[in-house]
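Full structure from sequences and hints, please.
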Amino acid sequence: MFDALWMLVAFFPLLGVLVILSVSFLLRRDCSAFVVALVLILEIVSFVVIYFLTRPIEGNYLVALSALPFSIQFHFSQEKIFFMANLFIPMAFALFRLKSLDSINVRLVFLFFLAGSIGLLVTGDIFNFFVFYELMIMAAYVLIGLKGNYGASIKYMLTGGISSLFFLAGIIVLYAGGAGMGFGYDPSHEIIARPWLDLGLLLCAIAFAIKAALFPASGWVASCHGATNSLVSSFLASFTVFSGIRGFYIFVLVPAERAGMMEFFELLRYLSLATMIVGALCMFFETDLKRTIAHNTLVTVGLVGLMCSFKNYDLAFLYMPIHALHKSIMFYSYEDLSQRGGRYLVRRLSLPIIGLAIFSMAGLFASPVYFLKQAFLSGQSVYKVLLFGMSFFVVAAFAKHRLGLRKALGKRFWPVLAVLVFGALYLMLFGHSLLANPGLSLLDLAIDLLVIAAAILVGRYLWPKLSFLHNFDRRLLFANLNRELFMLILLPITMTVFIVFKRGLL
Amino acid sequence: MNLDLWLLFVAVWGLIVVDNLIKKVMCLSIVESMLILEFLKIGFVASGAAPILNVSQRVVVDPVPQALMLTAIVIGMCFNALACAVIVRLYRQTGTVLVSELGNV
Chain F
0 MFDALWMLVA FFPLLGVLVI LSVSFLLRRD CSAFVVALVL ILEIVSFVVI YFLTRPIEGN
60 YLVALSALPF SIQFHFSQEK IFFMANLFIP MAFALFRLKS LDSINVRLVF LFFLAGSIGL
120 LVTGDIFNFF VFYELMIMAA YVLIGLKGNY GASIKYMLTG GISSLFFLAG IIVLYAGGAG
180 MGFGYDPSHE IIARPWLDLG LLLCAIAFAI KAALFPASGW VASCHGATNS LVSSFLASFT
240 VFSGIRGFYI FVLVPAERAG MMEFFELLRY LSLATMIVGA LCMFFETDLK RTIAHNTLVT
300 VGLVGLMCSF KNYDLAFLYM PIHALHKSIM FYSYEDLSQR GGRYLVRRLS LPIIGLAIFS
360 MAGLFASPVY FLKQAFLSGQ SVYKVLLFGM SFFVVAAFAK HRLGLRKALG KRFWPVLAVL
420 VFGALYLMLF GHSLLANPGL SLLDLAIDLL VIAAAILVGR YLWPKLSFLH NFDRRLLFAN
480 LNRELFMLIL LPITMTVFIV FKRGLL
Chain W
0 MNLDLWLLFV AVWGLIVVDN LIKKVMCLSI VESMLILEFL KIGFVASGAA PILNVSQRVV
60 VDPVPQALML TAIVIGMCFN ALACAVIVRL YRQTGTVLVS ELGNV
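Protein chains in written order, with numbering that gives the first Met the number 0: chain F, 0 to 505; chain W, 0 to 104.
Mixed in with the good hints there might be a few duds.
[Said to hold, decoys possible] Residues on chain F that point at chain W, a partial pick, calculated with CB under 8 angstroms:
| id | residue |
| --- | --- |
| 1 | VAL130 |
| 2 | GLU133 |
| 3 | TYR140 |
| 4 | GLY144 |
| 5 | GLY150 |
| 6 | MET156 |
| 7 | LEU157 |
| 8 | TYR174 |
| 9 | ALA478 |
| 10 | ASN479 |
| 11 | LEU480 |
| 12 | ASN481 |
| 13 | LEU484 |
| 14 | ILE488 |
[What the hints assert, rightly or not] Here are some chain W residues the structure puts well away from chain F; computed CB gaps all over 12 angstroms:
| id | residue |
| --- | --- |
| 15 | LEU2 |
| 16 | TRP5 |
| 17 | VAL44 |
| 18 | GLY47 |
| 19 | ALA48 |
| 20 | ALA49 |
| 21 | VAL58 |
| 22 | VAL60 |
Treat the hints as calculated values from the structure; they're not laboratory data. The beta carbon of each residue, even a glycine, is placed where N, CA and C say it ideally should be.
Printed below as a string of C-alpha cells:
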C-alpha cells in the first residue's frame, strides 16, 4: 500500500488538472475551486497515512518502476518526514485562503506547482529531481506575476534558469564519470572517477546554493516572495527555498561525506554565515514589512545551512517545518493587516500572532527554535554570540514596524495586551522549564531579555538616524538586474576558487 | 579553444552585460543548447546503431543521454516560451525591456 501511495501522491494534482479541464470543456462548468480544495485535503490525508505507514522503515527505501537499468525510481527515508511537514504546513494554511487563487487558470498553475513540489519529495533519482524542480519553479514564475509584478517574475526566471543550467551540467558531468541516476540516494550509484566527482559536486553545489539563495545570490528572495499573494509567498518561503538546501544535502553533502571531501562542508559554512549576516542586515534596514518577512528567510537559510555544515542534519531538518509555520503565520497575518477592515476579529488578533511568530523566529527563550539553537550550540559555543546577534536583528527589524502596525490596528489596547500575554507566557514557560531542567541557564534568559530590550530601543531610536542605509540591498547591493546577475555569477567563481584552493589544485 | 567554451563565454558575458531582457533569455538558451550537445557527445559511439533492443547490432549509442536531453529540450522550450510571455507583459506594463530603464524590479 505504501509503495502505491508514495508513487501516486505526486499525481493527485495532475489528476486534478485533468478533471478541471475535462469538466470545463465537456460540461462548461468551473469546478476548479472544489478540485483544488479536494486535492489539498487528499494530499494532507495521504501525508498523514504515509507518516504512520513509514514509521518502521529505516535507511533508504527505493521503489523502481521496472527492473530495467535507469528505471524511474522513488525513494523514501525517515528524513523525508521533515520535508513532508515542510510542505504540509503551507498546504494546510492554503485551505483557508483559497479565494486568493481567483481564477481557473491560476488554480491550474497552482496544481502544477503542487505536483512539482510533491514530485521533489517522492523522487529517487537525480534527473527526475531536476524535472520536478523545473515543473515547480515554472509554475512559481507564473504565480509570482499574479499581482502584476512581472519584473520580479523575470528576475526569478533568470535566477532559476541559471541555477538549473548548473544543475544540468552537474548531472552531465556525474553521468560522464560513471554515476547512475540514483546518485545521492543510493550509494551503489556513486562509483565514479575522482576528477568527475569533484567537478560534478561543485556544479551541483553551485546550482543549489543559487536555489537556496545563499549569499551573494540572495537578492531575488525579497522581490519574488514579496511580489505575490500570501498563499504563494508562504509556499515559496517555506518549501521552494528549502528544496535548495535539501538538494545541497542529497547531491552534495551526502556524496561528499561518503567520499571524504570535507571542503564542501566548510564551503557551506562560510556561505551560510555570509547569508545569515547579510540577510539580517537587509532585514534590519528594510522599510517594507512584507519584504522584511521575506528577508528573514535568508537568516533561516543561513542557520539551517550552518547546522548542515556541522552535520547536525536532524536539527536542521526540524527547523524547516518550524520555519514554514512562522512564515505562513507571518504572511497571512500581514495580509490580514494590510487588506482587511477593522470589522474582522482576525485583524485584531493579527498583532499578537505576529508578535508570537517574531518571538519564535528570533529563537528567544521557550520558543521551539530556542531549544533547537541550544542543542546546536552545545557543541559550537563560538557561534553563540553570532546567534544572539541574529536574534537581536530579527526583533529589531520588526520592532521598527510597530508604528505602522499600531496605525493599522487603530487602538493601543491590543499591543499592550500582546505584551502582557507574552510576559505571562514567558515567565510561565521559564518557570516550567526551570523545574523540568534545573541546569537551565539564568544567564541565557538575561541575555534574551537584553536582546529584546536592545532591539526595541534600537528599532525605535537608532533606525531613523540610519536613513542613508535604508533599503541598502535594493539601492546599492542589488540595484538593478545586471548587478544582481553579476553577483550571481560571482557565487560560482568564489565557490570554484575556494574548492580548487582547498584541494590544493592551485 | 573548444567551440563549446566560446559559446559558454559569449553567453555568460551576454547574461551579465547585455541590457535587453530578451537577449538575456537567448543567452541562457545558448548555454542550455551547449550543455545538451555536450551530453549527446558523451553517449555518441562512432558508427553505432540506434539503441533498439531487437536490433542484432552490438555497437549502439548510449540511449540515456538522448532520453534525458529530450526532456531537457522540452523544459528549455517551455522556459523560453514562458520567459518571452512574461517579458511581453512587462513591456506592456513599463514600455521597456531594457534593464537600465527598469531599475530595481
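Hint check:
Taking 8 angstroms as the C-beta contact cut-off toward chain W, the hint placing VAL130 of chain F at the interface holds, the least distance being around 6 angstroms. Given the 8 angstroms rule on beta carbons, the hint for GLU133 of chain F holds: about 5 angstroms separates it from the nearest Cβ of chain W. For TYR140 of chain F, the shortest C-beta to C-beta distance to chain W is roughly 6 angstroms, which falls under 8 angstroms, so the interface hint holds. Because the closest C-beta pair between GLY144 of chain F and chain W is about 6 angstroms apart, less than 8 angstroms, the hint holds.
Satisfaction of the interface hint for GLY150 of chain F is found here, the shortest Cβ-Cβ separation to chain W being roughly 3 angstroms, below the 8 angstroms cut-off. Of the supplied interface hints, the one on MET156 of chain F holds, with its beta-carbon coming within about 5 angstroms of a beta-carbon of chain W, less than 8 angstroms. With a cut of 8 angstroms, the hint placing LEU157 of chain F at the interface with chain W holds, because the nearest CB-to-CB distance is about 6 angstroms. Look at TYR174 of chain F: its Cβ gets to within about 7 angstroms of chain W, closer than 8 angstroms, so that hint holds up.
Hint on ALA478 of chain F holds. Least Cβ distance to chain W is approximately 6 angstroms, under the 8 angstroms limit. The criterion of a C-beta within 8 angstroms of any C-beta in chain W is met by ASN479 of chain F, whose closest approach is roughly 6 angstroms, and the hint holds. The beta carbon of LEU480 of chain F is positioned within 8 angstroms of a beta carbon in chain W (closest approach about 4 angstroms), and the interface hint is therefore held. Residue-level restraint check for ASN481 of chain F holds (minimum Cβ-Cβ distance to chain W is 5 angstroms; threshold 8 angstroms).
Contact between LEU484 of chain F and chain W, as hinted, is supported at the beta carbon level, the nearest pair being about 5 angstroms apart and thus within 8 angstroms. Checking ILE488 of chain F against chain W by beta carbon gives a least distance of about 6 angstroms; that is within 8 angstroms, so the hint holds. With a minimum CB-CB distance of about 16 angstroms to chain F, LEU2 of chain W clears the 12 angstroms threshold, and the non-interface call stands. Consistency note on TRP5 of chain W: stated as away from chain F, and its beta-carbon is indeed over 12 angstroms from all of that chain's, at 16 angstroms minimum.
Once the 12 angstroms rule is applied to beta carbons, VAL44 of chain W is consistent with being away from chain F; the minimum gap is 14 angstroms. Against the 12 angstroms criterion, GLY47 of chain W stays outside the reach of chain F, whose nearest CB is about 17 angstroms from its own CB. With a minimum CB-CB distance of about 19 angstroms to chain F, ALA48 of chain W clears the 12 angstroms threshold, and the non-interface call stands. The Cβ of ALA49 of chain W sits about 17 angstroms from the closest Cβ of chain F, beyond the 12 angstroms cut-off, so the non-interface label holds.
VAL58 of chain W, annotated as away from the interface, keeps every beta carbon of chain F farther than 12 angstroms; the closest lies near 18 angstroms. With a least CB separation of 14 angstroms from chain F, VAL60 of chain W remains clear of the 12 angstroms interface cut-off, as annotated.
The structure is consistent with each of the numbered hints, conforming to all of them.
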